[in-house]
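*Asks:* The two chains are supplied separately, each in an independent frame; assemble them into the complex guided by the hints.
Chains as they are written, first to last, in my numbering: chain A, 134 to 373; chain B, 162 to 271.
Check before you lean on any hint, since a few could be wrong.
What the hints assert, rightly or not - Using C-beta positions, here's what the derived DEER-type ranges look like: (1) Trp-169(A) x Glu-188(B): 17 to 23 Å; (2) Ser-355(A) x Ser-256(B): 54 to 60 Å; (3) Val-302(A) x Lys-213(B): 38 to 44 Å.
Unchecked claim - Quick look at which bits of chain A chain B covers, simulated, 3 or more residues with Cβ under 8 Å: (4) 148-156; (5) 160-166.
In short, the hints are calculated from the structure, not lab data.
The beta-carbon is built from N, C-alpha and C at its ideal position, and this holds for glycine as well.
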Amino acid sequence: MTNIAWPMAEFAARSLEPTERDAILGDLIEVGETGWSALQNVLGLIILRQAQLLRTLRPWVAGLGVGLPSCYLLMGVSASVACTYERLFKPQVVRSPWWPTANEGILLLLCHFFLLLAWSWTAGYLCASLSRRTLWVTAALGFAPWFIDNFHLAPLPKSCVLLFVIPLVLGVLHGLQGTRISPLLALFLAIAMTGVMIFCWTNGALWNFNWALLVPAWYLVSVALRTAEQMGPEGSRLPA
Amino acid sequence: MLGEFEYLLITAAAGLGEEAYGATIREEIAATTGRNVSIGALYTTIDRLEQKGLLKTWMSEATPQRGGRSKRMVRVTAKGVQAAKEFYAAVMRVSRGAKWATSEVRVTRD
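For reference, chain B alone in the conformation it holds in the complex (with noise of 0.2 Å):
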């Protein structure tokens, strides 16, 4: 089964489509979760994945915007989407009947 942060780059990742690539998946990474994504977790994290067959990359053409640099691209696989659905469904199991799931959530401060 998928990690936590690898669920979350894979549907980061489907959300962008065309547009999804390093940059793009950081910032909507930390825009959804508030959190901060180092490049070294992305780029790790995207090799795993691609090597598991979970995702694509390639190389893209160089854009004066970046600087003259090319992107690496990222596109989800099918078994990658089947991947995240099974992440997905598990997370929706295991919080059946949870309090935080059921929006009688009571926050105590110690």
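Same shape as in the complex, but just chain A (with noise of 0.2 Å):
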């Protein structure tokens, strides 16, 4: 059992920053501490590191400012998406009267499909950004709606409103690497998205509210400038 306890202790461990991770996992090998005990003590140190982050502003700006709206928002585009799709290339089905699709085309679904890749990545890096050690706020808040609304797309499965979660998860992962882009490449997305969501919004084919999904992509831009700036021509990991 108290094999166990160790590796438990060392990977609940993986959530603090490295030197204090090193400095208490020490402490608790110098005194002999058995793995289930060095497992609380781990843990009972991670609630209070957690507990006094989440005293600061920080988390519920994410959680509350950008993960929510953002999530909430792509549940929606990803519902059009879905709904657009099957209306298009499978039109024996029978649809229900809340389907968040109207006439829009194939080219309107791609540049749709396009927005939703970008909007996902760009959300999923800046909530990484934000709250790198609180993300589990930023997670719990963000997919509160899937579990209140009913969303009413008959037949699709409601399941079909997280085909933004791939995309988002990987700019979340990029967002937790320090992944940085050059403000080259950053400008050409926040650039190439303004311009397809003028596009689709001339088109009426996109909610008032799905602008806001663009502060990602423009606060990204910022990032990026501010970084090539202090590190100069080599401070980009990213190709432009």
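*Replies:* Structure follows, in structure tokens:
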């Protein structure tokens, strides 16, 4: 039993800062703590650290200001993409009157799909950058609507509103790794997203609130420009 | 003014001198008070005291007896010594005349 507890304690300690992790695991080894006691101590410290972080504004800004609205809007866009696809390629399907799709053609479907990928990735990146250590709060707030809202998409399953999850998770992973984007690439992405969005919006295929999903893309541009200024031309890891 | 646990920590660290780090401070407090201290309480208090400028911490070299892991060394600053002195003086003042401070205390059982 003790043999299982030590690896668990070491795994749990991975959520701590590297120097703190080193110090506390070393302390626990030095005094010869049993595995379960070590695990209890590590979990206790993690809970205290999380409580400290939750007393600050940052995780709530990330969760309520970015995670929740972004995920809710992206669920709507996912539903729109899934329903438009069904309408275009499976016309025999009996549609629910609640379907969020009207007369979009293949071009608008492709635009929506591009925006879905880009919005999701940039929102994930921003969430991870803002609340690296309290990402669970952002995730809990972001996915809460999925458990509350019924979405009324029959015969499509409710899970179709989660099309955005994979690009969002990729964005989160890149944000956690601190992947830096060259200003040129960030600017190109933001301009492309804005352009495609204007096209979709003028064709009546987007909800006005979806404009808010451009905020992470332009935030990314400002971060990329700031980082490039601080680090010089060698600062970017992704090619322009 | 310091809290009780903050005072214990500063006193233990000051007594340990160059050997003050997480594990030794924890053992010292347990040995002198008979109280088990959780790593969480210890490290969050160290952080708080460091933010107040009462302690200074730094990471030492990794050692083999700790599985190649380094220590977070602790040193009490002059400001920390002053805060501990003030706490001790306050405890002495408030205890003046208390039964348990004059060895006349008689323990009664309910």
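*Asks:* If a hint holds in the structure, say so; if it doesn't, say that too.
*Replies:* Verification of the hints:
The hinted window of 17 to 23 Å between Trp-169(A) and Glu-188(B) holds, with their beta carbons roughly 19 Å apart. Taking the beta carbon of each, Ser-355(A) and Ser-256(B) are about 59 Å apart, inside 54 to 60 Å as hinted. Between Val-302(A) and Lys-213(B) the CB atoms are about 40 Å apart, so this pair conforms to the stated range of 38 to 44 Å. Counting residues of the segment 148-156 of chain A whose C-beta lies closer than 8 Å to any C-beta of chain B gives 4; at least three are required, and the coverage claim holds.
Look at the segment 160-166 of chain A against chain B: 5 of its residues bring a Cβ nearer than 8 Å to a Cβ of that chain, three or more, so the hint holds.
Against the hints set out earlier in the document, no violation occurs for any number.
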